[in-house]
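K.L.:
Chain residues, written in single-letter form:
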Amino acid sequence: MDLKSSEQATRTPLRSTAANGLKIVIVGGFGVGKTTMVRSVSEIRPLSTEETMTRAGVGIDDPEGVQNKTTTTVAFDFGRISLNDEMVLYLFGAPGQQRFWFLWDRLFSGTLGAVVLVDTRRVEDSWYAIDRLEHHKTPFIVALNDFGGPVHGLENVREALSLSDGIPLIHCDARRRDSSKTVLITLVNHLYALSDTQESTP
Amino acid sequence: MTSRPVDREGPDRLYVVTGGRSRADESTIDIVSLIVSECDPTPGMQSEHVKILRMCRTPTAVVEISSELDLPVGVVKILLCDLLDTGRITARHPSSTPAWAQLPDREILKQVLVGLEKL
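Chains U and H supply the protein sequences, listed in that same order. Residue numbers for the first sequence follow this note's numbering, beginning at 1 and rising by one. Residue numbers for the second sequence follow this note's numbering, beginning at 1 and rising by one.
Bear in mind the hints are in silico, worked out from the structure with no lab data behind them. The structure presented is a predicted model; accordingly, all values stated were derived computationally and were not measured. Check before you lean on any hint, since a few could be wrong.
[Said to hold, decoys possible] Distance ranges between label pairs, derived from CB positions:
1) U/N84 x H/T86: 50 to 56 Å
2) U/P13 x H/H93: 57 to 63 Å
3) H/E38 x U/Y128: 31 to 37 Å
4) H/D40 x U/R15: 18 to 24 Å
5) H/T86 x U/W127: 27 to 33 Å
6) H/Q46 x U/R106: 43 to 49 Å
7) U/R176 x H/Q46: 50 to 56 Å
8) U/Y128 x H/Q46: 38 to 44 Å
9) H/E117 x U/D165: 24 to 30 Å
10) U/R158 x H/V16: 38 to 44 Å
Glycine included, C-beta positions come from ideal geometry on N, C-alpha and C.
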């Protein structure tokens, strides 16, 4: 058996029965700890890749739109968790900046839900991400990454983010596996509760 | 739309590896679709195709292929379409992708919870 490329030796393969890929997206500004969170729970070292999109005058009624053509490139990290023989959960760390949202549908349609990771020293960095997730009707929770600074009251942060009561808001330490695990479980429980509500409302 | 000149912003390499194609049916491939090789590479095959066939001897997600080949996801999808068309690979698409703005299946969510609890 020839192991031609070194990458084959270092890659951790999925089980041969793996058949259903799922997505959860962790959204947040630069340095907020997205990759750290992915790394803390992922079974593989976080990988990165990118997507590009060429847009010709999107939303602009311009017959010469070709000249306005712009190429958008976004890079993102990801890791994965094999949940059982068939299901594999992919965790994506995605930057919250404006150009990223042009690619949201292409990359993350069908995502289970999202985690907005917030640095309490820069709460305002998360406003845009929250607005966009609401726009895309993607269910989400908000997690405050603990940077060892003063502990912020959750209610103050909820107010600062204009977050409705129904959206879970928790503290976390993205470096710790058990803490990141709790964040993911909180999200999935939230999705479950939402589907409960949806089922009982005709 | 008729054929367009090579995008000035687009790196030539991306144009070359896809043979200039940009197809519509790649939209059926999700970034977490799991790709499985159905044959071994053959001599003369495009090097990216060879790499994909080697990688996908065990199921491999589209994003993992993209990362490994160092090519954007959209370019990898075009390469995968070629291999799908000729039956060299099969794709296991996410079964849970909900219709627009709907919540995921409850049975799926239960299984996700069980899996996460084991972490």
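K.L.:
Of all the hints numbered above, which does this structure not satisfy? Sort the numbers upward.
P.N.:
Hints 1, 2, 3, 5, 6, 7, 10 not satisfied by this model.
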